[in-house]
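Protein chains: 2
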Amino acid sequence: MFGKMNTAEIEQLLRQQLVGRIGCHVDGLTYVVPVSYAYDGDYIYCHTHEGMKINMMRKNPDVCFEIDSAWNYSNWQSVIGWGSFEELAEGPERTQAIAVLRERKLPMLSSETMHLGLLWPFHSGERDVDGIIFRIQLKEKTGRYETTTAEPFFAT
Amino acid sequence: MFGKMNTAEIEQLLRQQLVGRIGCHVDGLTYVVPVSYAYDGDYIYCHTHEGMKINMMRKNPDVCFEIDSAWNYSNWQSVIGWGSFEELAEGPERTQAIAVLRERKLPMLSSETMHLGLLWPFHSGERDVDGIIFRIQLKEKTGRYETTTAEPFFAT
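Chains as they are written, first to last, in this note's numbering: chain A, 360 to 515; chain B, 360 to 515.
Any given hint could turn out to be false.
Treat identical chains as interchangeable: a pair holds within one or across any two.
[Said to hold, decoys possible] Pairs of lysine-lysine residues, derived as DSSO-like cross-links and limited to a Cα-Cα distance of at most 27 Å, are as follows:
hint	residue 1	residue 2
1	Lys418	Lys500
2	Lys418	Lys498
3	Lys464	Lys500
Since the hints were made in silico from the structure, they are not lab data.
Based on the provided sequences and hints, a complete structural model is requested.
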């Protein structure tokens, strides 16, 4: 059975998933790139460094954001949304974004990462981090699922 | 440690994964959509029905294809490629595509799906199936990984 996810189901999947994909487009080239993210109900927040996706989104901030969760071929959910890329310079909005990213990411770090004490910026208790912080406000969101059970498959 | 995947590693991940994401773009709109696929070393093959992604790819066949596999935030692989969408009308190329899809998908079907005998087209022994079969030949492929162990994390 195929279905459309309602708003609550879409919000739940956006809060549960850890990795999404940004689709951007400049000069005839479409680029789909995975990102780890945090979602606070208003914005998708990401931390990254200079590179192809940032260069492209600076040129064309209209992006697509996708997440999916599949248990098998016939039990899956996906959310697709559209919004605008916004790079956050130092200031209250960047500080808020870092707080959301830190709260989401720190508990999910692997024991290896923690043990190795890698230079992952969110380990630090500093207010700011190195690198680029950006956000995407999803102005439109759609969600679909397929299920073989009475209840839709929901990711946990 | 971050790294670039070599050709063998890229091919391995393309054969291992079951779900990828197509990025397409028409008239200022970028769309990223998850698809189940099969890969034979030459083409990405997909089965679908009429809808937004097919309409967009018919208008602009230049697409991006992405797969990723993450064990955690610091151990992941991803492959991103670019190619052209080709819809396969009845004929030897469509028959070959269906054979590749059937070989890949049938062993991966859930026991629920099998038990329910759902109308999934690849269950049938027929040579053709309902719906649209298309392929993407990836003309360019890149792969990246991050690992916290001596060896890159490779999906199994």
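Violated constraints from the hint list, given by number and in increasing order: none
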